[in-house]
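K.L.:
Based on these hints, arrange chain Y on the given structure of chain B.
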Amino acid sequence: MRRLLIAIPYIWLLLLFLVPFGIVLKISLSDYALSIPPFTPQLDLSTGWQGFAEFWSQLDMENYWFLTDDDLYWKAYLSSLQIAALSTFFTLLVGFPIAYGMANAPEHWRPTLMLLIILPFWTSFLIRVYAWIGILSNEGFLNQFLLAIGLISAPIKILNTDIAVYIGITYTYLPFMVLPIYATLEKLDGSLLEAAEDLGCTRLQAFWAVTVPLSKPGVIAGCFLVFIPALGEFVIPSLLGGSDTLMIGKVLWEEFFSNRDWPVASAVAIILLLILVIPIILFQRNEQKQREAGN
Amino acid sequence: MSSATVEFSPWTDPDTTPLISFEGVTKRFGNFTAIDNINLNIYPREFFALLGPSGCGKTTLMRMLGGFEEATEGTITIDGQDMAGIPANKRAVNMMFQSYALFPHLTVADNIAFGLHRSPMPKSEIQGRVDEMLRLVQLQKFAKRKPHQISGGQRQRVALARALAKAPKLLLLDEPLGALDKKLRQETQFELMDIQETTGTTFVIVTHDQEEAMTVASRIAVMDNGLLKQVDTPDRIYETPNSVYVADFIGDVNIITGTATTVDGDATQLTWAEGVAPIKGMTGARVTQGEPASFVIRPEKVSINKSEPEASNKVQGQVLDIAYLGNMSTYHVELPNRQIIKSQTANNRRIARRDITWEDTVWLSWTETAGIVLRD
Chain B
1 MRRLLIAIPY IWLLLLFLVP FGIVLKISLS DYALSIPPFT PQLDLSTGWQ GFAEFWSQLD
61 MENYWFLTDD DLYWKAYLSS LQIAALSTFF TLLVGFPIAY GMANAPEHWR PTLMLLIILP
121 FWTSFLIRVY AWIGILSNEG FLNQFLLAIG LISAPIKILN TDIAVYIGIT YTYLPFMVLP
181 IYATLEKLDG SLLEAAEDLG CTRLQAFWAV TVPLSKPGVI AGCFLVFIPA LGEFVIPSLL
241 GGSDTLMIGK VLWEEFFSNR DWPVASAVAI ILLLILVIPI ILFQRNEQKQ REAGN
Chain Y
1001 MSSATVEFSP WTDPDTTPLI SFEGVTKRFG NFTAIDNINL NIYPREFFAL LGPSGCGKTT
1061 LMRMLGGFEE ATEGTITIDG QDMAGIPANK RAVNMMFQSY ALFPHLTVAD NIAFGLHRSP
1121 MPKSEIQGRV DEMLRLVQLQ KFAKRKPHQI SGGQRQRVAL ARALAKAPKL LLLDEPLGAL
1181 DKKLRQETQF ELMDIQETTG TTFVIVTHDQ EEAMTVASRI AVMDNGLLKQ VDTPDRIYET
1241 PNSVYVADFI GDVNIITGTA TTVDGDATQL TWAEGVAPIK GMTGARVTQG EPASFVIRPE
1301 KVSINKSEPE ASNKVQGQVL DIAYLGNMST YHVELPNRQI IKSQTANNRR IARRDITWED
1361 TVWLSWTETA GIVLRD
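First to last, the protein sequences are chains B and Y. Heads up: the first sequence is residues 1 to 295, going by my numbering. Heads up: the second sequence is residues 1001 to 1376, going by my numbering.
Okay, chain B solo, but in the shape it has when bound (with noise of 0.2 Å):
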């Protein structure tokens, strides 16, 4: 009966996470094909060992070779790690004063809080999205609003630049940044700030000297749930960016879509998924750590 408790999340994994990824590193390996589906070669198992043989001699590293020759590939990912973490660095600006509030309202309020902060979540991601066209667009609200108010005399553009992209990747991914912040800043003993003050720390200091340092594993936790998303992120660029935001999100629908080469999509998609692979292992390792705190 343990056992197939076990077995339970473990054949999950098999099925919908190795199965796939073991698909997609097969096509990486093939070559592209005016065929359903577009890629050679094809595993026939009637054809017995020494089908396999040949279908295993066919495949290569041919798609891995194009991506380092044409240069527009790791420009793109070049410029989705600068766009994801720039982006980063936004949420953690903006999250971490949110989540510093909440933390510091008094205890009957901070449902509330929490609830606003869940709440974007009701409704779709993609309309989100949509709805920052009609703010940030040349007739949008807020060059409307400028406009009213006299601080600018003509439109600025904003929508399909790249810092349209920053405002969206900051905007959706903003809980991510502060629910685990706002998990250890709740936690801090009040009696270490006091305790700090007691020792001749003014507020300020007590914060950079106490607050900060002991937010930390919320801090890392939430840069890298903010980060990992956002440098695959394909809506966001796609919808908000210009032509030329450059993100391997976009690059790889492209690919996938227009041109359909899913050969030379699907080594997109594993190389981004072994750049993924770093953060992931260190975000583990912030994680194993703080448990080990805790205990």
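To be clear, the hints were calculated from the coordinates, so they are not data collected in a lab. Check each hint, because a few of them may be wrong.
DSS-like, lysine-lysine: derived pairs with alpha carbons at most 25 Å apart [stated by the list, open to error]:
no.	chain 1	residue 1	chain 2	residue 2
1	Y	K1146	B	K187
2	B	K157	B	K250
3	B	K250	B	K75
4	Y	K1090	Y	K1123
5	Y	K1280	Y	K1306
6	B	K216	B	K187
7	Y	K1144	Y	K1169
8	B	K289	B	K216
9	B	K216	Y	K1144
10	Y	K1141	Y	K1123
11	Y	K1146	B	K289
12	B	K216	Y	K1141
13	Y	K1144	B	K289
14	Y	K1342	Y	K1301
What the simulated footprint calls covered on chain B by chain Y, stretch by stretch (three residues with Cβ under 8 Å from a Cβ of chain Y suffice, anywhere in the stretch; the number is not a length) [stated by the list, open to error]:
no.	stretch
15	199 to 213
16	244 to 258
C-beta atoms are modelled at their ideal positions from N, C-alpha and C, and glycine is treated no differently.
P.N.:
Coordinates of chain Y only, in the frame set by chain B:
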């Protein structure tokens, strides 16, 4: 009981300047009065205990000294300086928190150095001071550990070292030993007294443990509902409580209610039941003739005998219960009026040789000065 009380008693000398003085201090939280018009002087080098049940205001009083609460009315002066509006970080006062409040991200040594880094002390001297503090609390070997890597007793000592590192004029200790087990607590009480004597710092300790207060303090303030009920040396608090509340709060006590029939200087007689002789005891504070009063006596001052003794106060009763505590036994004796009086005797014989047992008729007796008559 503190031996220092014999030679050290600045509160009896009107020429000594107090280190701390509360003058008409009141603290309200909304409608709740936590501290009610308190006047109190605490002298340099004192080990002063604030004792009382939870919610009596002792912690609030201490937090006002630390700068974490402002008095609603009245003035608090420390070393001649009015403390109104002076924040915690500007006071020559350090506090040892009940939870210890050690910084979990810093090592033991860095915890101790925390306050020094924010003081005028030159960087080059900080390491020396930290070493000195580690030696004081015997934690040299643990300097590089984090708080979660040491035991509860060691954490307590780190908290003490950290609070003493800046050599404050006044050290506040909020239930400092509450988290330790009984044996360790008793050892640490003596350590605290040693450290207090070596450093010459004035200590104010908050505790709800009367034994702890009796052990460490030069003077104790017994508090209830935001009021100071009695401020005195441990022996006087125990021997001559000024109210039934204090008598009842400190240690075990028998209380017999009645009427003070004759008050003659130090001696008072209390009529307490029909057809028995009045109890002769010491005259307590504010007792007036003809008014209701209570006679209070400690169980260890009541003798128990099988035969009628020669004594100025004696009553007969029946043994209802015997509590055997190892080193001593407490006999619960029921008097004819159904009142129960406790008598405590040292077990200087083996239990098998005890001649008093359940249901025995016994005589309880005590001297004229053993108990005190107090106004209700």
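K.L.:
None of the hints should be skipped; say for each whether it holds.
P.N.:
Consistency of the hints with the structure:
The hinted pair formed by K1146 (chain Y) and K187 (chain B) meets the criterion: a straight-line CA distance of about 19 Å does not exceed 25 Å. Our distance criterion of 25 Å between C-alpha atoms is met by K157 (chain B) and K250 (chain B), whose separation comes to about 22 Å. Proposed proximity of K250 (chain B) and K75 (chain B) is supported: the alpha carbons are some 13 Å apart, at most 25 Å. For the given pair, K1090 (chain Y) sits about 20 Å from K1123 (chain Y) by alpha-carbon distance, which is consistent with the 25 Å threshold.
Distance check on the hinted pair: K1280 (chain Y) and K1306 (chain Y) sit about 22 Å apart at the alpha-carbon level, within 25 Å; holds. Using a Cα cut-off of 25 Å, the hinted pair K216 (chain B) and K187 (chain B) holds, with the two alpha carbons roughly 13 Å apart. Restraint check for K1144 (chain Y) and K1169 (chain Y): the C-alpha separation of about 28 Å exceeds 25 Å, so the hint is violated. Between K289 (chain B) and K216 (chain B) the CA atoms are separated by roughly 12 Å; this keeps the pair inside 25 Å, and the hint holds.
At roughly 21 Å between alpha-carbon atoms, K216 (chain B) and K1144 (chain Y) fall within 25 Å of each other, so this suggested pair holds. As the CA atoms of K1141 (chain Y) and K1123 (chain Y) are separated by approximately 22 Å, the hinted pair is consistent with the 25 Å bound. Among the hinted pairs, K1146 (chain Y) with K289 (chain B) is consistent with the structure: their alpha-carbon atoms are about 14 Å apart, no more than 25 Å. With a C-alpha separation of about 28 Å, the suggested pair K216 (chain B) and K1141 (chain Y) falls outside the 25 Å cut-off, and the hint is violated.
In summary, the hint linking K1144 (chain Y) to K289 (chain B) is supported, as the alpha carbons are separated by about 19 Å, within the 25 Å threshold. Straight-line distance between C-alpha atoms of K1342 (chain Y) and K1301 (chain Y) comes to about 10 Å, which keeps the hinted pair within the 25 Å bound. Look at the stretch 199 to 213 of chain B against chain Y: 8 of its residues bring a Cβ nearer than 8 Å to a Cβ of that chain, three or more, so the hint holds. Counting residues of the stretch 244 to 258 of chain B whose beta-carbon sits less than 8 Å from any beta-carbon of chain Y gives 0, not enough to reach three: the coverage restraint is violated.
Of the numbered hints listed earlier, those contradicted by the structure are 7, 12 and 16.
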